[in-house]
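J.: So the chains spell out like this:
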Amino acid sequence: MKLAEALQVVVRTDPGVVRSHNEDAVWGDAAQGLVILADGMGGYNAGEVASGMATTLLSTNLQQIIPECKPREIDALSGKCLAHQHIIEQVALANDSIYRAAQSQPQYAGMGTTLVIAWFFDNTVSVGHIGDSRLYRLRGEEFRQITRDHSLLQEQLDSGMITPEQAKYSQNKNLVTRALGVDPEVEVEIHDYEVLPGDIFLLCSDGLSDMVEDEEISMTVQTLQSNLDLAGDQLIQMANDNGGRDNVSVILVKVRGDFAAPSGWWQKLLAWFK
Amino acid sequence: MAKMILSMDGLVLKEIPLNKERLTIGRKPHNDIQIDNLAISGEHAAIVTILNDSFLEDLNSTNGTLVNGQPIKKHFLKNNDVVELGKYKLKYINDTPSIGGSADFEKTMVLRAGAIKPPAPEKDKDAEPPTLPGASPAPVAAPVAAAEATAAPAVAAPAQTPAPAVIQLLNGPNAGKELELAKTLTTLGKPGVQVAVIAKRPHGYFITHVEGAQFPVVSGKTLDAQAHQLEDHDVIEIAGIKMEFFYKT
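Heads up: the protein sequence lines correspond to chains U and H, in order.
Each residue of the first sequence is one higher than the one before, starting from 1 at the first, in this note's numbering.
Each residue of the second sequence is one higher than the one before, starting from 1 at the first, in this note's numbering.
If you're looking for bench data, these hints aren't it; they were derived computationally from the structure.
None of the values given here were measured: they were computed from a predicted structure.
Keep in mind that the hints are not guaranteed to be accurate.
[Said to hold, decoys possible] Stretch by stretch, here's where chain U covers chain H in the computed footprint (C-beta under 8 Å, at least three residues):
1. 47 to 60
2. 229 to 237
3. 242 to 249
[What the hints assert, rightly or not] The calculated BS3-like cross-link candidates involving lysine-lysine, where the alpha carbons are at most 30 Å apart (straight line), are:
4. Lys91/H - Lys20/H
5. Lys242/H - Lys200/H
6. Lys248/H - Lys190/H
7. Lys168/U - Lys221/H
8. Lys168/U - Lys78/H
9. Lys28/H - Lys87/H
10. Lys91/H - Lys78/H
11. Lys177/H - Lys200/H
12. Lys168/U - Lys74/H
13. Lys74/H - Lys91/H
14. Lys73/H - Lys91/H
15. Lys73/H - Lys168/U
16. Lys87/H - Lys14/H
17. Lys183/H - Lys200/H
18. Lys91/H - Lys177/H
19. Lys221/H - Lys183/H
20. Lys14/H - Lys3/H
21. Lys89/H - Lys168/U
22. Lys221/H - Lys248/H
23. Lys200/H - Lys168/U
24. Lys242/H - Lys190/H
25. Lys89/H - Lys78/H
26. Lys20/H - Lys3/H
27. Lys168/U - Lys20/H
28. Lys87/H - Lys3/H
29. Lys3/H - Lys168/U
30. Lys91/H - Lys168/U
[Unchecked claim] Residues of chain U clear of chain H, computed beta-carbon distances all greater than 12 Å:
31. Ala6
32. Ala31
33. Pro67
34. Lys70
35. Asp75
36. Ala92
37. Asp122
38. Arg178
39. Ala260
C-beta: ideal position from N, C-alpha, C; glycine also.
Using the sequences and the hints, build the whole thing.
T.: Next comes the structure, spelled out in C-alpha cells:
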C-alpha cells in the first residue's frame with residue numbers, strides 16, 4: 001500500500017485561551033510519511049519564528065530527500081541508517097539557522113524550540129525529538145508515551161527524587177534541558193519503532209499533555225478513532241476547557257494498512273505497475 | 001521563596017528561608033539548622049531545594065522524621081506540610097503568588113547544564129559565559145520571577161462541571177434503561193453503522209456525529225457535522241434507537 005493510502009494524518013493547532021500568540025508550529029503529509037511538531041519559546045514573537053523555521057526547514061529539505069532515499073541503507077561514514085543520518089543532518093542545519101538568526105537579530109535573541117519528528121517508511125517509524133513535546137502511541141487498548149521528555153522534571157523522575165504522582169504537582173514543568181536553536185549544537189534523540197495496521201500515533205505540545213491527563217487523552221483517541229478529525233478537535237477543546245493556558249497542538253497519524261517497502265524483484269515489478 | 005517555620009509546643013522559634021540547595025538539620029553544630037536536643041540525631045535530615053521544589057530526606061536518624069504524622073524516608077514537600085523531629089515541628093510554607101493575570105504562566109524555558117545552583121552571590125552573574133546574557137532569561141532567577149505557579153496542580157481539574165445528566169432509552173430491547181453521562185465522552189450507537197458521541201464540557205453536554213452515513217436526529221432535526229448542545233428533554237435518534245436526554249435534579 002502506498003503511504004498516502006496507508007496513513008491518515010490530522011493536524012491541529014490552537015493558541016489556547018490565555019495566550020495571544022501561537023508559538024507552536026505543525027506540519028504533516030501522509031504521502032511523504034512525514035509529520036513535524038515544534039513548540040517555540042522566546043520573547044515577543046521570537047518563539048513562533050523559531051518553531052516556524054524548524055518545521056519549514058525540516059519539511060522542505062526532507063521532502064526533497066525522501067523520494068530518492070532508501071532509509072534502511074547504512075551510511076558508510078557514520079555507520080547509521082540513512083533515515084537517522086538525514087534527520088541528524090537536517091536537524092543540525094535547522095539548529096544552525098535558528099541559532100544564527102538568534103545571534104544576529106536582537107529581537108530573536110534567546111529563541112528556541114522543541115521538536116518531534118516522525119518519519120514513516122517500510123512499516124517502521126523513526127522518531128526524533130528534542131525537549132518536552134511528545135509522541136504517544138495507541139495500539140489496541142494500550143496507550144503509551146513513546147518519547148521521554150528532555151526536561152528537569154523527567155530527570156527528577158528518573159533519579160527517583162519524585163514519583164509520577166508528585167510530578168503532576170511540580171512547579172518545574174516548564175523547564176526543558178534541550179532545545180533546538182539555543183546552542184551551536186544540539187543532539188536529537190532518535191529511535192525506530194515497528195508500525196502495525198491500526199496503530200494511532202499522537203504528537204503533541206505540552207499545551208495538551210499539561211492540561212489533559214494521559215488517561216483522558218487515551219480515552220478520547222480510543223473513542224474517536226473512527227473519526228480522526230473529530231478526535232483532533234476534541235483534544236484541543238479539552239485542553240481549552242481545562243483552562244487552555246498554553247498553545248495546544250496535536251498531530252494524529254492513523255495507520256490504515258501495511259506499507260512495507262517492496263523487496264523482491266516480483267514485488268518491485270508489481271509496485272512499478274501500480 | 002519557600003521557608004520552614006520551626007516551632008515547639010506551639011511556640012514559634014525560628015523562620016528558616018530555603019535559600020540553599022541543601023540544608024541540613026541535626027543536633028551537631030555544623031548543621032544549617034541546629035536543634036540541640038537529645039531526641040535529634042547528629043545529622044537528622046536534609047532539605048534539598050531545586051528552584052521551586054523542595055525535598056525532605058531523613059538521614060537514617062535514630063528517631064525518624066514524620067511528615068503530617070507519617071514516617072518518611074524521602075518526601076516531596078507541599079505547602080503547609082508539617083515535619084516532625086522529636087518534639088520539634090517544622091512547617092513548610094511555599095506561598096508563591098497565585099495564578100492571576102500573568103500570561104507568562106508556564107512559559108517553557110531552556111535549562112542549561114550547570115544552571116542549577118543555589119541562589120548565587122552577585123559575582124556569579126558576571127561569571128556567566130558572555131554568549132548567554134540576553135539569551136534566555138537567567139535560568140536561576142527566571143523560574144522564581146516567572147513562577148506565578150501555585151501549589152495548585154498544573155493539570156487543572158475542569159473549571160466547573162455541568163449538572164449531572166442521563167440518557168434514557170425509549171425503545172428497543174433495553175427500553176427504560178438509563179445511562180449516566182459521567183465520563184468526558186460517551187459514545188452511542190453501533191460501531192460500523194452509526195456512532196455519535198456526547199462530550200461533557202464545563203457549560204453543558206454536546207452531541208457530535210462520529211461515523212456512519214446517517215447523522216443523528218435531535219428533537220426532530222437532523223444534525224450536521226457540527227457539535228450540537230443538548231437541551232433538557234431532547235430526544236435523540238441514533239441507529240433506530242430513540243433516547244431522551246435530561247438533567248438529573
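J.: It remains to establish, for every hint, whether it holds in the given structure.
T.: Structure-based check of each hint:
{"no.": "1", "hint": "47 to 60", "in the structure": "holds (count 6)"}
{"no.": "2", "hint": "229 to 237", "in the structure": "violated (count 0)"}
{"no.": "3", "hint": "242 to 249", "in the structure": "violated (count 0)"}
{"no.": "4", "hint": "Lys91/H - Lys20/H", "in the structure": "holds, 17 Å"}
{"no.": "5", "hint": "Lys242/H - Lys200/H", "in the structure": "holds, 20 Å"}
{"no.": "6", "hint": "Lys248/H - Lys190/H", "in the structure": "holds, 26 Å"}
{"no.": "7", "hint": "Lys168/U - Lys221/H", "in the structure": "violated, 44 Å"}
{"no.": "8", "hint": "Lys168/U - Lys78/H", "in the structure": "holds, 12 Å"}
{"no.": "9", "hint": "Lys28/H - Lys87/H", "in the structure": "holds, 17 Å"}
{"no.": "10", "hint": "Lys91/H - Lys78/H", "in the structure": "holds, 10 Å"}
{"no.": "11", "hint": "Lys177/H - Lys200/H", "in the structure": "holds, 20 Å"}
{"no.": "12", "hint": "Lys168/U - Lys74/H", "in the structure": "holds, 17 Å"}
{"no.": "13", "hint": "Lys74/H - Lys91/H", "in the structure": "holds, 16 Å"}
{"no.": "14", "hint": "Lys73/H - Lys91/H", "in the structure": "holds, 17 Å"}
{"no.": "15", "hint": "Lys73/H - Lys168/U", "in the structure": "holds, 20 Å"}
{"no.": "16", "hint": "Lys87/H - Lys14/H", "in the structure": "holds, 15 Å"}
{"no.": "17", "hint": "Lys183/H - Lys200/H", "in the structure": "holds, 7 Å"}
{"no.": "18", "hint": "Lys91/H - Lys177/H", "in the structure": "violated, 53 Å"}
{"no.": "19", "hint": "Lys221/H - Lys183/H", "in the structure": "holds, 26 Å"}
{"no.": "20", "hint": "Lys14/H - Lys3/H", "in the structure": "holds, 10 Å"}
{"no.": "21", "hint": "Lys89/H - Lys168/U", "in the structure": "holds, 27 Å"}
{"no.": "22", "hint": "Lys221/H - Lys248/H", "in the structure": "holds, 24 Å"}
{"no.": "23", "hint": "Lys200/H - Lys168/U", "in the structure": "holds, 23 Å"}
{"no.": "24", "hint": "Lys242/H - Lys190/H", "in the structure": "holds, 13 Å"}
{"no.": "25", "hint": "Lys89/H - Lys78/H", "in the structure": "holds, 15 Å"}
{"no.": "26", "hint": "Lys20/H - Lys3/H", "in the structure": "holds, 11 Å"}
{"no.": "27", "hint": "Lys168/U - Lys20/H", "in the structure": "holds, 24 Å"}
{"no.": "28", "hint": "Lys87/H - Lys3/H", "in the structure": "holds, 19 Å"}
{"no.": "29", "hint": "Lys3/H - Lys168/U", "in the structure": "holds, 22 Å"}
{"no.": "30", "hint": "Lys91/H - Lys168/U", "in the structure": "holds, 22 Å"}
{"no.": "31", "hint": "Ala6", "in the structure": "holds, 20 Å"}
{"no.": "32", "hint": "Ala31", "in the structure": "holds, 24 Å"}
{"no.": "33", "hint": "Pro67", "in the structure": "holds, 34 Å"}
{"no.": "34", "hint": "Lys70", "in the structure": "holds, 36 Å"}
{"no.": "35", "hint": "Asp75", "in the structure": "holds, 29 Å"}
{"no.": "36", "hint": "Ala92", "in the structure": "holds, 18 Å"}
{"no.": "37", "hint": "Asp122", "in the structure": "holds, 30 Å"}
{"no.": "38", "hint": "Arg178", "in the structure": "violated, 8 Å"}
{"no.": "39", "hint": "Ala260", "in the structure": "holds, 27 Å"}
Consistency with the previously given hints fails for numbers 2, 3, 7, 18, 38, ordered from lowest to highest.
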